[in-house]
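Visitor: The whole structure should be built from the sequences, with the hints applied where relevant.
Protein chains in written order, with our numbering: chain A, 1 to 440; chain B, 1 to 318.
These are calculated hints, taken from the structure and not from any lab test.
It cannot be assumed that every hint is accurate.
[Claimed, not checked] To give a feel for the contact side, a few chain B residues facing chain A, derived at Cβ under 7 Å:
| no. | residue |
| --- | --- |
| 1 | Thr-12 |
| 2 | Phe-21 |
| 3 | Gly-120 |
| 4 | Ile-123 |
| 5 | Leu-135 |
| 6 | Ser-137 |
| 7 | Pro-305 |
Note that CB positions come from ideal geometry on N, CA and C, so glycine has one too.
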Amino acid sequence: MKFISSLTRKAKSLDMPAYKLTTGDPIKDLPLPEKVVLPLMVYGAEYKPVAKKGDKVLTGEEIARCENPAMPPFYATISGEVAGFIKYVDPIFDVIVNSIVIKSDGNDQWAENIRPITLDASVEELLEQVRLAGISGLGGAGFPLYIKLKSACGCPVENLIINGMECEPYVTADYRLMLEEAAGIMNGIKVLQKITRPQNTVLAISDEYSGLIEPLKIAARESGIGESLSIKALTTIHPSGAEKILIKTITGKVVGPGKLPLDVGASVHNTGTIKAVSDAVFKGRSLVDRVITVTGKVKKRANLRVRIGTPVIDAIEYCGGLDDDTGRVVLGGPMTGKTAYSLDHPITARAICLLALNGHKRQESACIRCGRCIAACPVGLAPAELFRYSRAGKFEDCEKENIELCFDCGNCSFACPSGIPLVQYIRVAKREIMLKKVTA
Amino acid sequence: MNSAFKDKSRLTTGPHLWGGFSTNRIMLITLATLLIPAAGGVYQYGEQALWVIVVCIVACYAADILCRKLRGQPLRPDMGTPITALLLALSLPPGLPLWIAALGSFFGICIVKEAFGGLGQNIFNPALGARAFLLASFAAPMTRWIEPGGFGADAITTASPLAGGTAAEPGGLELYQALLFGDAPGVIASGALFLMVGGLILVILRIVDFRAPVAYIVSVALIALAFGEDPAFHVLAGGVIFGAFFFITDPVTTPVHWPGRVIFAVGAGVLTMLIRLLGAAPDGVTYAILIMNALTPLIDRYIKPGPMGAKEVKSGPA
Chain A
1 MKFISSLTRK
11 AKSLDMPAYK
21 LTTGDPIKDL
31 PLPEKVVLPL
41 MVYGAEYKPV
51 AKKGDKVLTG
61 EEIARCENPA
71 MPPFYATISG
81 EVAGFIKYVD
91 PIFDVIVNSI
101 VIKSDGNDQW
111 AENIRPITLD
121 ASVEELLEQV
131 RLAGISGLGG
141 AGFPLYIKLK
151 SACGCPVENL
161 IINGMECEPY
171 VTADYRLMLE
181 EAAGIMNGIK
191 VLQKITRPQN
201 TVLAISDEYS
211 GLIEPLKIAA
221 RESGIGESLS
231 IKALTTIHPS
241 GAEKILIKTI
251 TGKVVGPGKL
261 PLDVGASVHN
271 TGTIKAVSDA
281 VFKGRSLVDR
291 VITVTGKVKK
301 RANLRVRIGT
311 PVIDAIEYCG
321 GLDDDTGRVV
331 LGGPMTGKTA
341 YSLDHPITAR
351 AICLLALNGH
361 KRQESACIRC
371 GRCIAACPVG
381 LAPAELFRYS
391 RAGKFEDCEK
401 ENIELCFDCG
411 NCSFACPSGI
421 PLVQYIRVAK
431 REIMLKKVTA
Chain B
1 MNSAFKDKSR
11 LTTGPHLWGG
21 FSTNRIMLIT
31 LATLLIPAAG
41 GVYQYGEQAL
51 WVIVVCIVAC
61 YAADILCRKL
71 RGQPLRPDMG
81 TPITALLLAL
91 SLPPGLPLWI
101 AALGSFFGIC
111 IVKEAFGGLG
121 QNIFNPALGA
131 RAFLLASFAA
141 PMTRWIEPGG
151 FGADAITTAS
161 PLAGGTAAEP
171 GGLELYQALL
181 FGDAPGVIAS
191 GALFLMVGGL
201 ILVILRIVDF
211 RAPVAYIVSV
221 ALIALAFGED
231 PAFHVLAGGV
241 IFGAFFFITD
251 PVTTPVHWPG
261 RVIFAVGAGV
271 LTMLIRLLGA
281 APDGVTYAIL
291 IMNALTPLID
301 RYIKPGPMGA
311 KEVKSGPA
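Guide: Below you can see the structure in the form of structure tokens.
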């Protein structure tokens, strides 16, 4: 039986190398950048600036506001002077975003607008602290944490899942964070437990990170949540760390198309987000930085704590510059990240990684219907079919085939022997469907 | 540094990594594994086999170039062409008049493959389509078998084991041995052992999925048992092993999702045995697979992967 399951697993697995090259590099603080560029948009919602050109701002001072009061406040991530506003194309949302540029004064003076509180505070106070700290998810999607927790408050949460899977190749930021800041993560888990009152709390890590189990268990015991937290090392086949896939692996429940994790009683949070919660509640620190992995074709690979909005070039120069044959710098992981069109591009809260790669392009040839994309798809779609519909402009047929289940994990393109950019075709179809709905 | 990077930077969408498999590599390995039964055939039948193989390869390339010229496409070599050539040549009888082999090659490439749109678009397997065309048009030379005799031997006409014309006892060890090593008269790739070695290499290197060939062989054996025939004989004789590893696994002309492929294989197995036991033709592999090729779009329409959590919504034909 075991033999048979090993066969089927092999037939399904992707042969994707892990490339975890930076597991041994401690997190280092990137020196304060000379300027930061902050796109005035959070999870697709636009912000209006409240600071004007020439204003002096402090780190953690509110500089922009959103019409929606539930959205997190928008903070300056360094202290200094507002140098002006620029427009730039956000590579993740493909829209032109107004961005604020802050020139550093080098002092990093903090605004004292939030005070540390303790776990004795009420759930409402804890929630307000999370909102005030301006936290949005640090796992890559960037969903505002306050909104996620607020909706979790009203529902019974069966499983609180802390996602430390980090299933994308190359990325090690969460690994280092769990290793170095285990105590902080445990404190953050306590806060989330108090807010969501889950029946079970699971910390899911990749089986490649089995060395983490012991230190995490010790930290859990020391922080006093050892009993309520179970640590699970799960088999990592990309995208096993994706929210819906992780929920299915851990609880066996399926989050269907158009459904939310809360519909099956699950709430999933990235480890970096948990650490930010801990800092916000117990240190009164708002979210101004994040940990990224700088890897690939750079001279010295590293895990860096960078201020949000730092230009890509600062991080790369700190790492000794790019190799000569670099052709692309990817913001985010190699499977779902987007290429930066310039090294002046800011590192946003959603970037988990900076990955320098060569400029090779894949030769595209005819689809031979081999079915590798179907075997690779984590949600059971037939990418080859969606690709044919999308290329022919038959977007209604794509809808009938449940295209909305696709979350751009990239497995189909990765597995395609003919080098067809399947995800790109699917994305085109999803965009057309969305536009049709918006205009209808 | 920034401006230097800008000059050569490239914008791509994710994923920025890709797997090691390329279509070319898949075809190259398939071609290499086909050389094993080809070598076996040449060893058994000498120049009688060699010339058929050479003519098929040359004619297939000529047909490919002709079609590309006619369709105004770039003359980029396509690894599918030599594969079709070898598959066709190996399924022809040794000593076949060479002009018939050349005609079959042109039919396979020009009509069965390119007329339907070329690589990836053809409904029927080009080599099998060509073989069916030759069987229908030149029944006598296509079923004229010769005794294996290596190089320089005289071609002695004989009957195929499936027509009941061998000296060996049915079910005897001698017959199995003859079928395994291609000592029994048959098509050029008649040594089941050589075909199995090639097929196993394809399975181990994960070029093909093991489920479809296994389903085909098992269904042939089970039906033979049900009819009171010798299952081992029916698996080893004729083109069953050849079909199992090299035609049932052709991705282009079989269903795209693996349960569909298993259904395809079982259907082909049933048809093969029905033709063998109840039909007029001694070997049913060619027609069985071609009929299933025709059913592939239908299987694809009903056998789809189950989208996660979408069961209760939308299903069936659109």
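Visitor: Now tell me, hint by hint, if it's right for this structure.
Guide: For each hint, the structure was consulted:
1. The interface hint given for Thr-12 of chain B is met, as the beta carbon of that residue sits about 6 Å from the closest beta carbon of chain A, less than 7 Å.
2. The beta carbon of Phe-21 of chain B comes within 4 Å of a beta carbon in chain A, closer than 7 Å, and the hint placing it at the interface holds.
3. Given the 7 Å rule on beta carbons, the hint for Gly-120 of chain B holds: about 4 Å separates it from the nearest Cβ of chain A.
4. The beta carbon of Ile-123 of chain B is not positioned within 7 Å of any beta carbon in chain A (closest approach about 11 Å), and the interface hint is therefore violated.
5. Below 7 Å, beta-carbon pairs count as interface contacts, and Leu-135 of chain B has none with chain A, the closest being about 26 Å; its hint is therefore violated.
6. Hint status for Ser-137 of chain B: violated, given a least beta-carbon distance of 29 Å to chain A, over 7 Å.
7. For Pro-305 of chain B, the interface hint holds, the least distance from its beta-carbon to any beta-carbon of chain A being 4 Å, beneath 7 Å.
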